[in-house]
Amino acid sequence: MDDSEQFSVDTVLAPVDGSDESATAVEYAIAIADRYDASVHSLYVLGHGVVRGIDVGTVEETVVAENTQGFFDDISSVAENAGVPLSTSVDDGFSQSRKTRHPGNVVLDTADEIDADFIVLPREPVTDAASAEVLEKVAEYVLSYASQPVLSV
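The numbering used here applies: residue 1 is where the sequence shown begins, and numbers increase by one.
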């Protein structure tokens with residue numbers, strides 16, 4: 001393979017939902033980024049129950065922000081130890097007004113927005129019932145429709 005055909009990665013997208021499985025996926029994303037001297041962008045996808053709870057006022061946005069930031073703090077230390085730049089964002093995986101909005105679309109839209117070259121996401125069903133709805137079926141959707149290489153762990 002000559003230099004023009006070498007595989008290169010600048011940005012790895014790692015969608016997460018706060019589960020142990022998604023934390024493991026981020027570790028894989030960091031390893032890939034380290035190998036290719038790339039950065040990782042971790043997208044925290046909020047589940048239907050959280051989004052609806054915020055909309056109707058039964059879930060405090062500050063609690064959600066603290067939980068997502070706590071998760072990001074944990075994975076930031078892993079990225080820092082590996083010397084891999086990490087950026088983060090949070091997005092709603094569902095919408096009350098847009099019925100076509102679901103976590104798979106959110107992941108693919110984010111991949112396009114950040115010009116991701118690679119996506120790493122959890123495939124195994126998550127054990128936490130609160131998170132199960134968020135990334136449970138995303139892997140299959142992303143594997144089917146992503147234009148980037150996808151590693152599902």
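Hint data in this document are derived by calculation from the structure and do not stem from the laboratory.
C-beta atoms are modelled at their ideal positions from N, C-alpha and C, and glycine is treated no differently.
Be careful, since some hints might not be right.
Pair by pair, the computed Cβ-Cβ distance ranges are [stated by the list, open to error]:
hint	residue 1	residue 2	range
1	62	89	15 to 21 Å
2	35	143	20 to 26 Å
3	7	91	43 to 49 Å
Which earlier hints can't be squared with this structure?
-> 3
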